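Peer 1: Listed below are the residues making up each chain.
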Amino acid sequence: MEKIIAINGLKKSFGRLEVLKNVACSFDGGGVVSVLGPNASGKTTLIKSILGMVIPDGGSILFKGQSIFNTFDYKRHIGYMPQIGHYPDNMKIGQLFKMVMDIRQQDAVDTDLLKAYQLESMYQKTMRTLSGGTLQKVSAALAFMFNPDVLILDEPSAGLDPLAAEALKEKILEEKTKGKLVLITSHILSEADEISDYIMYLFEGQIRFYKTLTDLKRETGEQKLSRALTQILSSSSC
Amino acid sequence: MLKIAKYIILDIVRSKVLLAYTLLLLAISLTIFMSDADVTKGLVSITTVILIIVPLVSIVYATTYYFNAAEFTEMLVSQPISRRNILMGKFIGISSSILLAFIIGVCLPVSLFAFSATGITLMISGCLLTLSFISLAFFTSTITRDKAKGIGLALMLWFYFSIIFDGLVLLFLYTFADYPLEKAMIALTALNPIDLARILILLQMDISALMGYTGALYQQFFGSGIGIAFSLVMQLVWIVVPLFFALRIFKKKDL
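Line by line, the protein sequences are chains S and B.
Residues in the first sequence are numbered consecutively from 1, following this note's numbering.
Residues in the second sequence are numbered consecutively from 1, following this note's numbering.
Treat the hints as calculated values from the structure; they're not laboratory data.
Incorrect hints may appear among the rest.
[To be verified] Derived Cβ-Cβ restraints for the label pairs, each shown as a range: (1) S/Thr212 / B/Asn68: 49 to 55 Å; (2) S/Asp102 / B/Asn68: 17 to 23 Å; (3) S/Gln106 / B/Leu23: 36 to 42 Å; (4) B/Thr31 / S/Ser13: 53 to 59 Å; (5) B/Val13 / S/Glu204: 43 to 49 Å; (6) S/Thr111 / B/Ser82: 24 to 30 Å.
[Unchecked claim] The following residues of chain B were derived to be distant from chain S, with all beta-carbon distances above 12 Å: (7) Ile28; (8) Met34; (9) Ala117; (10) Ile124; (11) Asp178; (12) Lys183.
Small disclaimer: the values here were computed from a predicted structure and weren't measured.
Note that beta-carbon positions come from the ideal geometry of N, C-alpha and C, so glycine has one too.
Work out the full structure, taking the sequences as your base and the hints as a guide.
Peer 2: This is the structure:
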């Protein structure tokens, strides 16, 4: 089966700082991939490169076999939830959704999260008045709204209350069973443990490992992802 | 492109800063027209005020708005729409809202109290000035990553065009007083959109000697037609060129 996203020899540096050094990987449909790594390991840059926000210095990114450079149509198949959502101050929630529908020329197909977060009753509220958590809910609802093949979530549960985070988790698992690819960056290992099928660990701009969660646990003989990670990282650095 | 512009306009129109700007312009024009029976004098006063306030507000507001919407821009880039359309949509959105403020604040009173060739020139060059400084704001916003730096650069540009430039022109004239400077002066004037607007308006009034050294000299060469066409074209250049460079930078920029 053709890979949905294939990355080859991806390089990016900001000034003298090399953020991504020759990253190569590929992602299939029907799985949740957690991209883990310490701060400044290149997680967000990797995600932003896939979304065309960061323009890489070298390498290639193929989306369903097509290079993504200088195109934008492939983004139709991606739903993105940013780390910090921030929208124009005086725009209303309803207006934001309508605008994105206008831009994508798609209707809101999937309103599960809208309902779960009761956002519809807040359509008249302006963005300025919303709390950080509500903004995250808006971003999450927006990412899932158009039933995209690929979901890219950048630290999705940061700032969400436990119930909202739970609803998001259920939604992610539901989308996975529909054969979608879900890419998540996170620092919360317990959460990654519950939902991921694959773990990719980035360290200083390189992929340290990229394995299925079960393989990882089997190799280390640990039950928990956090312990498995500690073990694998401490052993390989010796 | 127009879709983005539409929602940006909806957003800006509700902002208090824009409302304050509209009211300020309206207050200035109305007070000047009410307090002085001589309409031409009123137009001169309005010109003086406008040539300072309009560029300042346009460039600072557009830059601030651009940086405040940085995350929103990221969100737009993650949608299936080209970067060119995003930037142009923003430009159209921001500039039409600021233009709207100018039209209500200045164009409306001027056409009520002083509808003449001078009045029309004032309105047109005010609009062009607004556009060229928004275009410059886009340029400064795309070349910097940092909000403070961007706004600082915008203020410096405004300061340069409205004050330092005239000083430099004077210095230039003084230094090379022994040479014929006519042609050079035309070229120099074209380098400053504020001077272009000033000349365009003053050429209509026969009082150009009153304001700015550049203005006085300019009228000697261009009494009419060609001069107006030239300054209009140059003002358009000041709108198109910074925007063009902003677009080129934005297409390759990491967000």
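Peer 1: Take the hints in turn and mark each one as holding or not.
Peer 2: Hints and how they fare:
1. S/Thr212 / B/Asn68: 49 to 55 Å: Violated, at about 43 Å.
2. S/Asp102 / B/Asn68: 17 to 23 Å: holds, 22 Å
3. S/Gln106 / B/Leu23: 36 to 42 Å: holds, 41 Å
4. B/Thr31 / S/Ser13: 53 to 59 Å: holds, 57 Å
5. B/Val13 / S/Glu204: 43 to 49 Å: holds, 47 Å
6. S/Thr111 / B/Ser82: 24 to 30 Å: holds, 28 Å
7. Ile28: holds, 26 Å
8. Met34: holds, 33 Å
9. Ala117: Nearest chain S Cβ is 39 Å from B/Ala117, so the label holds.
10. Ile124: The assertion about B/Ile124 holds, with a minimum of 30 Å to chain S.
11. Asp178: holds, 49 Å
12. Lys183: Given that every Cβ of chain S is farther than 12 Å from that of B/Lys183, nearest at about 44 Å, it holds.
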